[in-house]
Amino acid sequence: MPDEQSRKAKSGRLLDIRNLRIEATTYPPGEPPKTITLVHDVSLTLERGKVLGLIGESGAGKSTIGLASMGYGRGGCRIIGGEVVLNGRDILKGGRSGLRKLRGREVCYVAQSAAAAFNPAHQLMDQVVEASLLHGTAKRAAAEKRAVELFRKLGLPDPENIGKRYPHQVSGGQLQRVMTAMALCSEPDLIVFDEPTTALDVTTQIDVLAAIRDAIRDTGVAALYITHDLAVVAQVADEIMVLRHGRLVEWGDTRQIIKEPRQEYTNALVSVHEIEHQEKKAADTPFLSVKNVTAAYGQGTVKVLKNVSVDIHSGQTLAVVGESGSGKSTLARAITGLLPPMEGSITFGGKKLSNALSARSKEDLRQLQMVYQMADVAMNPRQPISTIIGRPLEFYFGMKGAERDRRVAELLDKIEMGKGFADRYPAELSGGQKQRVCIARALAAKPKLIICDEVTSALDPLVANGILKLLLELQAEEGVAYLFITHDLATVRSIADSIAVMYRGEVVRYGSKSEVLAPPFDPYTDLLLSSVPEMEIGWLDKAIASRRMESAGN
Amino acid sequence: MLDIKRIPLGAWIGLILTSLFLICAIFAPWLAPYGNGEIVGDVWGPMTSTNLLGTDNLGRDLLSRMIYGARITIFIAVLATALAFSLGSILGFTAAVVGGWFDSLMSRFVDLLMSIPTLIFALVVLSVLPANILTLILVMGILDSTRVYRLSRAVAVDINVMDFVEAAKLRGEGRGWIIFREILPNALSPLVSELGLRFIYAVLFLSALSFLGLGVQPPSADWGGMVKENKDGIVFGIPAALIPAGAIAALAISVNLVADWILNRTTDLKGGRGNA
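Residue numbers (our numbering), protein chains in the order written: chain W, 1 to 554; chain Y, 555 to 830.
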């Protein structure tokens with residue numbers, strides 16, 4: 001496909017960003033507007049056909065720098081200094097029409113959430129070829145032919161006809177690959193991948209990652225790969241740039257960053273955050289047991305839980321693992337009574353718990369608390385932290401006034417946040433702090449069991465690590481049990497006492513942590529275990545080669 | 555919170571005119587030079603220094619009538635809007651939270667009410683019921699509450715599925731807490747801006763009813779009624795009917811300007827600051 005001319009052009013410098021400086025204006029309530037600098041004089045260069053990984057925690061400025069390569073400032077960001085030289089010219093000086101010619105032709109973008117980035121009202125093919133037609137690089141028939149080729153290369157099922165579908169008719173992993181095809185379709189020189197696999201399951205991530213890597217290699221396009229997961233970027237990138245607070249921390253080739261990081265911060269990112277956790281022995285009688293529960297949506301038509309039985313022991317952690325759609329969140333909904341089971345029973349402390357939420361006593365409700373994945377939407381944005389944590393105290397224990405405030409302060413102290421946070425609103429907290437407040441709210445009820453639904457998956461690795469440590473400390477202090485729902489096996493290793501692996505609504509493997517994580521594995525557990533990215537170059541090839549089954553997402 | 559320098563020109567005009575009308579309405583007996591029904595001169599007298607806006611079809615001072623008219627127009631419209639909002643939003647929120655048959659029943663009933671043209675519906679009801687201000691307010695309020703119901707139900711349905719409402723339900727909170735403490739504060743901004751628009755509709759609706767003779771009954775009159783009383787004068791080149799008509803338009807526009815500004819401030823995530 002690449003003709004003589006483009007092959008010749010495949011060497012040399014493609015992108016040269018010099019002293020890039022990006023600012024944004026914020027409007028804190030009750031104060032005059034402030035200008036903050038998001039990116040401080042960052043420079044980078046990218047050769048043709050190479051992949052540079054940009055990595056850092058949220059707020060590091062990695063997406064902002066990525067978007068600057070196409071002259072775009074998101075959400076009021078302004079590029080106020082520096083040069084972005086692409087194909088030998090400074091794109092910031094080209095004006096609006098220059099940028100319009102550039103975007104979608106020389107630089108394309110792959111967004112984190114493909115589901116939100118596609119227009120739900122148009123067929124996929126129309127959206128994939130749109131840029132090529134708009135820039136006149138190809139006629140419709142030729143562009144569609146190329147798109148089908150790309151679909152095939154990216155391993156999409158039925159490549160001839162998938163373009164006729166609408167975005168909601170394909171799975172999340174497939175949609176992400178279609179988006180990569182869209183970016184590649186107009187044969188750009190550079191693609192900006194903005195966390196393309198972060199929102200996917202580990203088992204799906206591995207497929208998408210392999211597809212993206214092969215597509216980059218085969219088409220010879222250069223790429224900026226933005227992610228917070230160092231293990232992921234190690235599989236795709238030639239070079240890695242570590243960013244923090246909008247400043248460059250370290251920049252080197254992949255092997256050097258992974259094996260011999262020179263900066264302390266890089267070292268913290270690279271070192272594996274395994275928390276040593278001693279497995280507790282199960283007591284004779286569990287305090288909560290789920291027996292043969294079957295649950296379904298829509299009057300029994302779609303069974304999402306099939307004959308599930310698990311036990312939870314006092315003061316211990318049961319981890320429920322599986323990919324999306326495996327029914328692990330539904331299990332939580334069945335236990336809490338939000339989705340009354342069709343069959344089976346849930347016993348709590350020796351007596352049967354009513355299936356429906358409305359039939360349970362206040363005391364039963366108090367004993368079961370829940371912490372959600374998205375801390376942002378799990379707290380009422382119009383309530384201050386003191387109300388959020390204080391309400392369960394009022395509601396369950398009738399605490400009022402000074403007594404309540406004292407207890408709120410104690411709880412804030414327990415989650416390692418100061419008294420000063422009591423008057424703040426959720427919007428004034430960081431992601432990790434929000435999750436801590438949600439934990440404090442659950443803890444305020446003095447429950448026997450807290451259900452943690454993917455509590456760390458929306459957080460940066462270092463912050464997530466802090467939350468896990470906090471949960472373990474609280475378990476030691478308060479003797480609370482956790483039902484920990486996650487798709488991340490690394491998390492499971494550091495927190496669980498027993499594990500239930502779920503696949504399509506059934507528990508396929510269940511037992512103590514040491515039993516479940518010891519070979520021989522069933523095919524599904526093996527797939528889950530082998531899909532967890534490891535901080536090792538060449539892991540992706542090994543993992544793909546050794547797989548025994550496809551993930552359910554395909 | 556509110557920075558006076560940031561209020562746009564349109565909003566200033568709206569605020570000033572609206573407060574002018576409100577002052578007229580509240581202090582009518584002290585502001586009006588003559589009584590409401592007092593005959594002070596000739597029929598359709600010209601504008602003079604004693605009768606600043608001239609006189610009406612019975613020789614009453616038009617300015618005084620306008621000021622008293624403002625009082626009655628705004629009084630009825632405010633009460634009708636308040637009724638529409640309390641009824642519509644509480645029922646709408648309840649329908650969203652309770653769901654099931656209650657929601658279906660309420661929503662279909664509201665659909666039924668809305669399928670009949672409001673003006674015709676009101677004309678039929680008002681011609682049957684005794685003509686007094688209370689019936690007028692009740693009819694206007696109930697008819698208007700269907701719109702508010704729709705809006706508040708739609709907003710509340712969205713909020714009701716958020717995790718923080720689920721968390722409250724898991725805690726065992728009653729419906730009262732969920733509706734007033736979890737949902738209402740988050741639904742307030744679209745409702746507040748809708749309030750302004752609904753108020754204007756109430757003014758226009760009242761004026762239309764009075765013009766058709768089923769609204770405020772003589773001798774007291776709202777602006778719509780005054781247009782009706784003086785409309786025959788237009789043929790003779792007498793502008794008396796145009797003055798209340800102009801007042802209706804001015805009130806509608808000024809309240810709209812204020813509502814627009816509030817809408818802009820409250821729906822925008824940056825508090826309306828980033829859109830200059």
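Because the hints were derived from the structure by calculation, they are not lab data.
Ideal Cβ positions, reconstructed from N, Cα and C, are used throughout, including at glycine.
Hints may contain errors.
Footprint (simulated), chain W over chain Y, 3 or more residues, beta carbon under 8 Å [unchecked claim]:
1. 709-718
2. 724-734
Partial list, derived from the structure: chain W residues whose beta carbon lies under 8 Å from chain Y [unchecked claim]:
3. M370
4. Y372
5. R382
6. P392
7. L472
8. A476
Hint check:
By the rule of at least three residues with a Cβ nearer than 8 Å to a Cβ of chain W, the coverage given for the region 709-718 of chain Y holds, with 3 such residues. Three residues within the 8 Å Cβ limit are the bar, and the region 724-734 of chain Y against chain W gives 4, so the coverage statement holds. This hint holds: W:M370 has a C-beta 6 Å from the nearest C-beta of chain Y, less than the 8 Å allowed. Because the smallest distance between the Cβ of W:Y372 and any Cβ of chain Y comes to about 5 Å, under 8 Å, the interface hint for this residue holds.
For the restraint placing W:R382 at the interface with chain Y, the shortest Cβ-Cβ distance is roughly 4 Å, inside the 8 Å limit, so the hint holds. Here the hint on W:P392 is kept, as its CB sits about 6 Å from the closest CB of chain Y, short of 8 Å. Contact between W:L472 and chain Y, as hinted, is not supported at the beta carbon level, the nearest pair being about 23 Å apart and thus beyond 8 Å. Residue-level restraint check for W:A476 is violated (minimum Cβ-Cβ distance to chain Y is 25 Å; threshold 8 Å).
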